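Full structure from sequences and hints, please.
Number of protein chains: 2
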Amino acid sequence: MSDNKKSPLVKILRVGLAGLGNVGAGTFKILEQNAKLIEQRTGTRIVVTAVCARNKTKDRGIDLSKVTWVETPESLIDLPDVDVIVEVMGGEGDPALSLVRGTLQKGKAVVTANKALLAYHGMELAELSAQNNAPLFYEAAVAGGIPIIKMLREGLAANRISGLYGIMNGTCNYILTTMEKTGRDFADVLNDAQNLGYAEADPTLDVGGGDSGHKLVLLSALSYGCQPDFQNLSVEGIDRLSADDIVIAGEFGARIKLIGQAVKLDDGRILQMVSPCLVPKTSPLAHVDDALNGILMHGDFVGPSFVEGRGAGEGPTASAIVADLMDLACLRTCGAIRPVFGAEPHDLKAAPSASRDDWTGEFYMRLVVHDRPGVIAEISPVLRDHKISIESLIQRGRSEDQPVNIVITTHETTGASLRQASEKIELLPNVLAAPLVLPILKI
Amino acid sequence: MSDNKKSPLVKILRVGLAGLGNVGAGTFKILEQNAKLIEQRTGTRIVVTAVCARNKTKDRGIDLSKVTWVETPESLIDLPDVDVIVEVMGGEGDPALSLVRGTLQKGKAVVTANKALLAYHGMELAELSAQNNAPLFYEAAVAGGIPIIKMLREGLAANRISGLYGIMNGTCNYILTTMEKTGRDFADVLNDAQNLGYAEADPTLDVGGGDSGHKLVLLSALSYGCQPDFQNLSVEGIDRLSADDIVIAGEFGARIKLIGQAVKLDDGRILQMVSPCLVPKTSPLAHVDDALNGILMHGDFVGPSFVEGRGAGEGPTASAIVADLMDLACLRTCGAIRPVFGAEPHDLKAAPSASRDDWTGEFYMRLVVHDRPGVIAEISPVLRDHKISIESLIQRGRSEDQPVNIVITTHETTGASLRQASEKIELLPNVLAAPLVLPILKI
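Line order of the protein sequences matches chains W and Z. According to this note's numbering, the stretch in the first sequence is residues 3 to 445, in order. According to this note's numbering, the stretch in the second sequence is residues 3 to 445, in order.
Just so you know, the hints here were simulated from the structure itself, not pulled from any lab data. Treat the hints with care, since some could be wrong.
Since copy identity is lost for identical chains, a pair holds within one copy or between any two.
Claimed, not checked - Below, in silico cross-link-like pairs of lysine-lysine (PhoX-like), each with a Cα-Cα straight-line distance of 25 Å or less:
#1 Lys-283 x Lys-31
#2 Lys-60 x Lys-110
#3 Lys-108 x Lys-38
#4 Lys-266 x Lys-31
#5 Lys-38 x Lys-266
#6 Lys-351 x Lys-58
#7 Lys-266 x Lys-68
#8 Lys-183 x Lys-60
#9 Lys-266 x Lys-351
#10 Lys-389 x Lys-31
#11 Lys-283 x Lys-68
#12 Lys-283 x Lys-183
#13 Lys-266 x Lys-13
#14 Lys-444 x Lys-183
#15 Lys-31 x Lys-58
#16 Lys-444 x Lys-266
#17 Lys-13 x Lys-38
#18 Lys-283 x Lys-444
Given the structure is predicted, the values throughout are model-derived calculations rather than measurements.
Structure follows, in structure tokens:
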């Protein structure tokens, strides 16, 4: 890195990237696009200095001209300008296994997205990490966009976990959601998903439950302090489900989801199981739709805790990898104390602020009025004068003696327009109180 | 701590606890009850060595006999056997302010649950923290059971946040949910909530939106790298809502929630606003019920991320405080590298495992059968022999030529019983395939 010495106060963390598929390219993109943000939040510049990938000429939309290419993943380990290896090749065996082993043995840090590798070789690699004081981070290995490893290992670490239930395979959840929406059968929807690129040509690992199992093993180890062991698991996939099952489950007030569960039984044993389950519609897991992931945990002090987000794909998985790199950067540079508000105080700007007046969108306005002819004719010109367009108008109740409610919803406008109109409307003779104005969120 | 020297390998973190209300007592309880777990996960014993509270004789269900009592909070700072101050007194001014200031000035760490303090004095305290290299942690200040500070500051730190929307006041959410369930009006439900202890005698800070505003200011600073500034906020409470509003919102496919939002506008300004909003029922925020909290964020790489849990109360808030203490312990003892699977490899046990056979609960079983008289009479004795009690039985379609589905749901039984019964049912002459068996979750 030629300009390393320009800014002696900012430290640098140099990444060797093994794998340049979607996730590898995404990692490169975040580190470029959000470089300044990342530097502000960690006091460290994080840069990819070397890569190893199969195809050197493929256009990935990233500029690799300043990066060293090596021919084999293991060549990354000994490069002097590589501080940490990011392993995003995948696969439970070599070359990923040799790369991660070799890196940890040299005392270098590893960040990986490889759930299969950890599900099969987690114990060996954890021991290598401890022996060599070499960090091994894997936030990206489970539910990419959800920082679930951090939640279990740090955020909820004061709790004894009694149960964990997760929707951790986006392909299966997409298929189940589509079966429900369209009434079509499994094979039919899978076929479409394959044509659309949402499912692999060989979908076994996803629809058979194995991928969910790899992830469950890791979360179970973190939750219960037990050895990750993929053999120690009951796994069943979604391939035997029919459209009928989904309809009938609906009649029972439930939806069918592929759930990985790790539950502590009363006798202290730990049940680890992946299988389609009926989930009551009252559970937050029942509302995890399409390719989203969701995880529900129960802790002895915290109670239930639920988290939902994108589980896979370039952006979410790369976001998790860069979060791990940022943790690593803080470890090296500032003793891991993150600045109180995420950036050093002198970097915190007094934000150019906006107020309720600047809120833009649709609004709900309720008026309390005397129910007399002409009320609407009084109100509507005021709205028109403030360029507020009415989407709907509802009057509730009819009574000559009692005040009645009129509810107006608007098309998109601003808080300022609504405020100004409300101030005038409040003064109209038949309007009995200041209008109640609520934004309508589209989230 | 007299037995500090017994185990020279285990480090110790000594806590001075200012405040012994619910949260203070809860913190004490977790540190006692989960002491072994906490030590395993951090390599550190975390113990309360000194406390300051108003009433020395009150029974809090905890044994304070080994703890030093001091008369004023600030006396905690200089005690030689206090490494970190936990501030759970509350209130934006003194004594909390002086205590936190004084502790940071001495270079000691602070863990606080005090959102008001940080909303008003956050910048000053962040500067003191940076100048004195004294950690200031506040996970418990926002949405107790949800590790939202950690999510924003670490888990999603690689992302530019574009919008954050939170339900962050359990009292308001409880009132709104109850208004919806019962059709009663605000004042009526508030009155009940006060009698039940769910709302304060002076409810202004909750129902007026101020408490949500304190929390929003902190999340906004973390999301956008801007200075926390409570003045810079539009705040409106829930006190003007009527039962009618909630019904009409429902007709529009929405629910009314008190939402704190921090949104980046196109011109770069940051809109920070607390107000009741209509939230579409398709949004995960619409399903945050009763006293729960929920927060939805959008990041440029991660996309939408949603998290839900208990926002207040003894257990969840204390869980957050102890998580901060554990972070601090790791900072001091192991350079903040958490063990790969949450405990050192030699502490990971091969869990005494359980299988699908051990799953206990209700089941859904679908059979594909020839639609002939006597089919049910063939199946039901098999279930009876395995002590499986039928909760419902549905037959779908009638056709002499085509196979039909029979769906049985059971009362509570075990996976083993279902497996054994299924193996026998599969062999019955009119049964055409292995039964499909799905657990019915109650989560």
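Structure-based check of all given hints:
1. Lys-283 x Lys-31: Classified as neither: same-chain Cα gap 39 Å, cross-chain 35 Å, threshold 25 Å.
2. Lys-60 x Lys-110: neither (29 Å within a copy, 53 Å between copies)
3. Lys-108 x Lys-38: neither (30 Å within a copy, 32 Å between copies)
4. Lys-266 x Lys-31: Only across copies: Lys-266 and Lys-31 sit 22 Å apart there, 41 Å inside one copy, limit 25 Å.
5. Lys-38 x Lys-266: between (44 Å within a copy, 18 Å between copies)
6. Lys-351 x Lys-58: neither (42 Å within a copy, 44 Å between copies)
7. Lys-266 x Lys-68: For Lys-266 and Lys-68, neither the intra-copy (51 Å) nor the inter-copy (34 Å) Cα distance is at most 25 Å.
8. Lys-183 x Lys-60: neither (38 Å within a copy, 58 Å between copies)
9. Lys-266 x Lys-351: between (47 Å within a copy, 14 Å between copies)
10. Lys-389 x Lys-31: neither (42 Å within a copy, 59 Å between copies)
11. Lys-283 x Lys-68: Neither: 52 Å inside a chain and 49 Å across chains, both beyond 25 Å.
12. Lys-283 x Lys-183: both (15 Å within a copy, 17 Å between copies)
13. Lys-266 x Lys-13: For Lys-266 and Lys-13, the Cα distance exceeds 25 Å both inside one copy (44 Å) and across copies (30 Å).
14. Lys-444 x Lys-183: The answer is both: 22 Å in one copy and 23 Å across copies each meet 25 Å.
15. Lys-31 x Lys-58: within (17 Å within a copy, 58 Å between copies)
16. Lys-444 x Lys-266: between (39 Å within a copy, 15 Å between copies)
17. Lys-13 x Lys-38: Within. Shortest intra-copy distance 13 Å satisfies the 25 Å Cα cut-off; inter-copy 37 Å does not.
18. Lys-283 x Lys-444: Both, since 22 Å and 10 Å are each at most 25 Å.
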